[in-house]
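Enquirer: In case you want the letters, here they are:
There are 2 protein chains.
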Amino acid sequence: MKIEQVEKFIGKQDVAFIASVDAEGYPNIKAMLAPRKTVGAKTIYFSTNTSSLKVEQFKANPKSGVYFYNKGLLKYEGLLLTGDIEVIEDQTTKDMLWQDGDEKYYSGGVTDPDYCVLKFVAKEGRYYSNLNSESFAIE
Amino acid sequence: MKIEQVEKFIGKQDVAFIASVDAEGYPNIKAMLAPRKTVGAKTIYFSTNTSSLKVEQFKANPKSGVYFYNKGLLKYEGLLLTGDIEVIEDQTTKDMLWQDGDEKYYSGGVTDPDYCVLKFVAKEGRYYSNLNSESFAIE
Numbered sequence: 001m002k003i004e005q006v007e008k009f010i011g012k013q014d015v016a017f018i019a020s021v022d023a024e025g026y027p028n029i030k031a032m033l034a035p036r037k038t039v040g041a042k043t044i045y046f047s048t049n050t051s052s053l054k055v056e057q058f059k060a061n062p063k064s065g066v067y068f069y070n071k072g073l074l075k076y077e078g079l080l081l082t083g084d085i086e087v088i089e090d091q092t093t094k095d096m097l098w099q100d101g102d103e104k105y106y107s108g109g110v111t112d113p114d115y116c117v118l119k120f121v122a123k124e125g126r127y128y129s130n131l132n133s134e135s136f137a138i139e
Numbered sequence: 140m141k142i143e144q145v146e147k148f149i150g151k152q153d154v155a156f157i158a159s160v161d162a163e164g165y166p167n168i169k170a171m172l173a174p175r176k177t178v179g180a181k182t183i184y185f186s187t188n189t190s191s192l193k194v195e196q197f198k199a200n201p202k203s204g205v206y207f208y209n210k211g212l213l214k215y216e217g218l219l220l221t222g223d224i225e226v227i228e229d230q231t232t233k234d235m236l237w238q239d240g241d242e243k244y245y246s247g248g249v250t251d252p253d254y255c256v257l258k259f260v261a262k263e264g265r266y267y268s269n270l271n272s273e274s275f276a277i278e
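If you read the sequences in order, they're chains D and R. For the first sequence, position 28 matches number 28 in my numbering, and the numbering has no gaps at all. For the second sequence, position 87 matches number 226 in my numbering, and the numbering has no gaps at all.
The hints are simulated quantities; they were obtained by calculation from the structure and are not laboratory data. Keep in mind the model is a prediction, meaning the values are calculated, not measured. A couple of the hints might just be wrong.
Cross-link-like lysine-lysine pairs, in silico, DSS-like; alpha carbons within 30 Å at most [to be verified]:
no. : chain 1 : residue 1 : chain 2 : residue 2
1   : R       : Lys-147   : D       : Lys-75
2   : R       : Lys-233   : D       : Lys-119
3   : D       : Lys-2     : R       : Lys-176
4   : R       : Lys-141   : D       : Lys-75
5   : R       : Lys-214   : D       : Lys-94
6   : R       : Lys-147   : D       : Lys-71
7   : D       : Lys-59    : R       : Lys-214
8   : R       : Lys-258   : D       : Lys-75
9   : R       : Lys-214   : D       : Lys-8
10  : R       : Lys-210   : D       : Lys-37
11  : R       : Lys-262   : D       : Lys-104
12  : R       : Lys-176   : D       : Lys-104
13  : D       : Lys-37    : R       : Lys-243
14  : R       : Lys-262   : D       : Lys-59
15  : D       : Lys-12    : R       : Lys-262
16  : D       : Lys-119   : R       : Lys-210
17  : R       : Lys-258   : R       : Lys-176
18  : R       : Lys-262   : D       : Lys-2
19  : D       : Lys-37    : R       : Lys-258
20  : R       : Lys-198   : D       : Lys-123
21  : R       : Lys-181   : D       : Lys-8
22  : R       : Lys-151   : D       : Lys-12
23  : R       : Lys-243   : D       : Lys-75
24  : D       : Lys-12    : R       : Lys-243
25  : D       : Lys-94    : R       : Lys-210
26  : R       : Lys-176   : D       : Lys-119
27  : D       : Lys-71    : R       : Lys-233
28  : D       : Lys-71    : R       : Lys-210
29  : R       : Lys-262   : D       : Lys-42
30  : D       : Lys-59    : R       : Lys-176
31  : R       : Lys-233   : D       : Lys-75
32  : R       : Lys-258   : D       : Lys-104
33  : R       : Lys-210   : D       : Lys-75
The following label-pair restraints were derived from C-beta to C-beta distances [unchecked claim]:
no. : chain 1 : residue 1 : chain 2 : residue 2 : range
34  : D       : Met-96    : R       : Ala-173   : 16 to 24 Å
35  : D       : Lys-37    : R       : Val-178   : 37 to 45 Å
36  : D       : Lys-37    : R       : Val-249   : 32 to 40 Å
37  : R       : Lys-147   : D       : Ala-137   : 39 to 47 Å
38  : R       : Lys-210   : D       : Asn-130   : 37 to 45 Å
39  : R       : Asn-200   : D       : Ser-135   : 27 to 35 Å
40  : R       : Thr-231   : D       : Thr-43    : 42 to 50 Å
Ideal Cβ placement from N, Cα and C applies to all residues, glycine included.
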């Protein structure tokens with residue numbers, strides 16, 4: 001699996017699944033809107049609500065898994081990336097990632113304190129296609 | 140969220156997402172075929188490959204999250220259940236859950252050593268619908 005193929009696959013999905021680990025050590029999964037920005041397949045930015053449970057969880061434990069999934073007519077494909085999440089609240093990054101329409105989620109606009117950014121940095125990947133899987137490192 | 144509603148929602152999904160925690164503490168996500176059997180919203184059985192990475196992970200750490208997701212025309216719904224997974228290899232349970240067509244995944248049939256069952260027992264749930272969420276206990 002080449003990084004270019006990983007990037008292309010991510011770019012085609014409109015939903016991402018993100019996992020955190022809660023205070024009792026249980027993995028939590030949540031569907032997210034597609035990433036706001038992807039740099040290589042290594043750094044992935046999501047926008048989310050500061051008040052959400054997963055932000056609280058990532059502040060306590062940055063370990064994360066991000067998963068993309070596609071069920072086509074002939075095959076299914078899944079891509080798991082594991083790495084760490086940083087909760088970003090600086091205004092420069094928030095400005096950079098803001099898009100028209102985000103007011104729907106954050107009524108106060110780009111400076112709404114409930115708007116924040118999750119910055120995920122991948123360490124490892126695993127790609128599944130039908131019954132096969134392949135692990136790969138991310139430089 | 141009533142347990143009957145949770146059950147009904149699970150019954151309508153054809154894919155489940157299952158999370159484990161790996162040896163380094165990172166949450167892993169994997170898409171699964173719909174549950175093979177569901178008892179209330181508390182006990183959920185999946186079939187899987189004994190040789191798979193997640194079986195190894197659940198043997199070391201039973202903590203799990205199971206997630207169901209539906210994106211409709213008007214709203215999205217997500218359901219997270221957290222609880223523990225037991226890897227079941229006894230033949231009685233394997234016989235009970237075997238279905239025609241499983242030979243596609245386990246060429247040796249119902250006694251194929253690569254065929255096993257994951258028994259998930261939920262402790263807590265969280266239901267998401269559009270921008271709202273609601274936690275509930277599972278008795």
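Enquirer: Are the hints correct? Go through all of them and say.
Expert: Consistency of the hints with the structure:
1. R/Lys-147 <-> D/Lys-75: Distance ~27 Å between R/Lys-147 and D/Lys-75 Cα, so the pair holds.
2. R/Lys-233 <-> D/Lys-119: Roughly 42 Å between the alpha carbons, so the hint for R/Lys-233 and D/Lys-119 is violated.
3. D/Lys-2 <-> R/Lys-176: violated (38 Å)
4. R/Lys-141 <-> D/Lys-75: The hint is violated at about 35 Å.
5. R/Lys-214 <-> D/Lys-94: Measuring from Cα to Cα gives roughly 26 Å; hence the hint holds.
6. R/Lys-147 <-> D/Lys-71: Holds, at roughly 22 Å.
7. D/Lys-59 <-> R/Lys-214: Since the Cα atoms of D/Lys-59 and R/Lys-214 sit roughly 29 Å apart, the hinted pair holds (cutoff 30 Å).
8. R/Lys-258 <-> D/Lys-75: holds (26 Å)
9. R/Lys-214 <-> D/Lys-8: Given pair R/Lys-214, D/Lys-8 holds - Cα atoms ~27 Å apart, limit 30 Å.
10. R/Lys-210 <-> D/Lys-37: holds (22 Å)
11. R/Lys-262 <-> D/Lys-104: violated (33 Å)
12. R/Lys-176 <-> D/Lys-104: violated (39 Å)
13. D/Lys-37 <-> R/Lys-243: At roughly 39 Å apart (the allowed maximum being 30 Å), R/Lys-243 and D/Lys-37 break the hint.
14. R/Lys-262 <-> D/Lys-59: Cα-Cα ~24 Å, so holds.
15. D/Lys-12 <-> R/Lys-262: Roughly 35 Å between the alpha carbons, so the hint for D/Lys-12 and R/Lys-262 is violated.
16. D/Lys-119 <-> R/Lys-210: Holds - the C-alpha atoms of R/Lys-210 and D/Lys-119 are around 25 Å apart, at most 30 Å.
17. R/Lys-258 <-> R/Lys-176: Between R/Lys-258 and R/Lys-176 the Cα gap is close to 10 Å, so the pair holds against 30 Å.
18. R/Lys-262 <-> D/Lys-2: violated (40 Å)
19. D/Lys-37 <-> R/Lys-258: violated (38 Å)
20. R/Lys-198 <-> D/Lys-123: holds (24 Å)
21. R/Lys-181 <-> D/Lys-8: violated (38 Å)
22. R/Lys-151 <-> D/Lys-12: Holds, because 25 Å separates the two Cα atoms, which is no more than 30 Å.
23. R/Lys-243 <-> D/Lys-75: holds (14 Å)
24. D/Lys-12 <-> R/Lys-243: holds (29 Å)
25. D/Lys-94 <-> R/Lys-210: holds (27 Å)
26. R/Lys-176 <-> D/Lys-119: Violated - the C-alpha atoms of D/Lys-119 and R/Lys-176 are around 38 Å apart, more than 30 Å.
27. D/Lys-71 <-> R/Lys-233: holds (27 Å)
28. D/Lys-71 <-> R/Lys-210: holds (14 Å)
29. R/Lys-262 <-> D/Lys-42: violated (34 Å)
30. D/Lys-59 <-> R/Lys-176: violated (36 Å)
31. R/Lys-233 <-> D/Lys-75: holds (26 Å)
32. R/Lys-258 <-> D/Lys-104: violated (40 Å)
33. R/Lys-210 <-> D/Lys-75: Given pair R/Lys-210, D/Lys-75 holds - Cα atoms ~20 Å apart, limit 30 Å.
34. D/Met-96 <-> R/Ala-173: 16 to 24 Å: violated (40 Å)
35. D/Lys-37 <-> R/Val-178: 37 to 45 Å: holds (43 Å)
36. D/Lys-37 <-> R/Val-249: 32 to 40 Å: violated (48 Å)
37. R/Lys-147 <-> D/Ala-137: 39 to 47 Å: holds (43 Å)
38. R/Lys-210 <-> D/Asn-130: 37 to 45 Å: violated (23 Å)
39. R/Asn-200 <-> D/Ser-135: 27 to 35 Å: violated (19 Å)
40. R/Thr-231 <-> D/Thr-43: 42 to 50 Å: holds (49 Å)
The structure fails to meet hints 2, 3, 4, 11, 12, 13, 15, 18, 19, 21, 26, 29, 30, 32, 34, 36, 38 and 39 from the earlier list, while all remaining hints are met.
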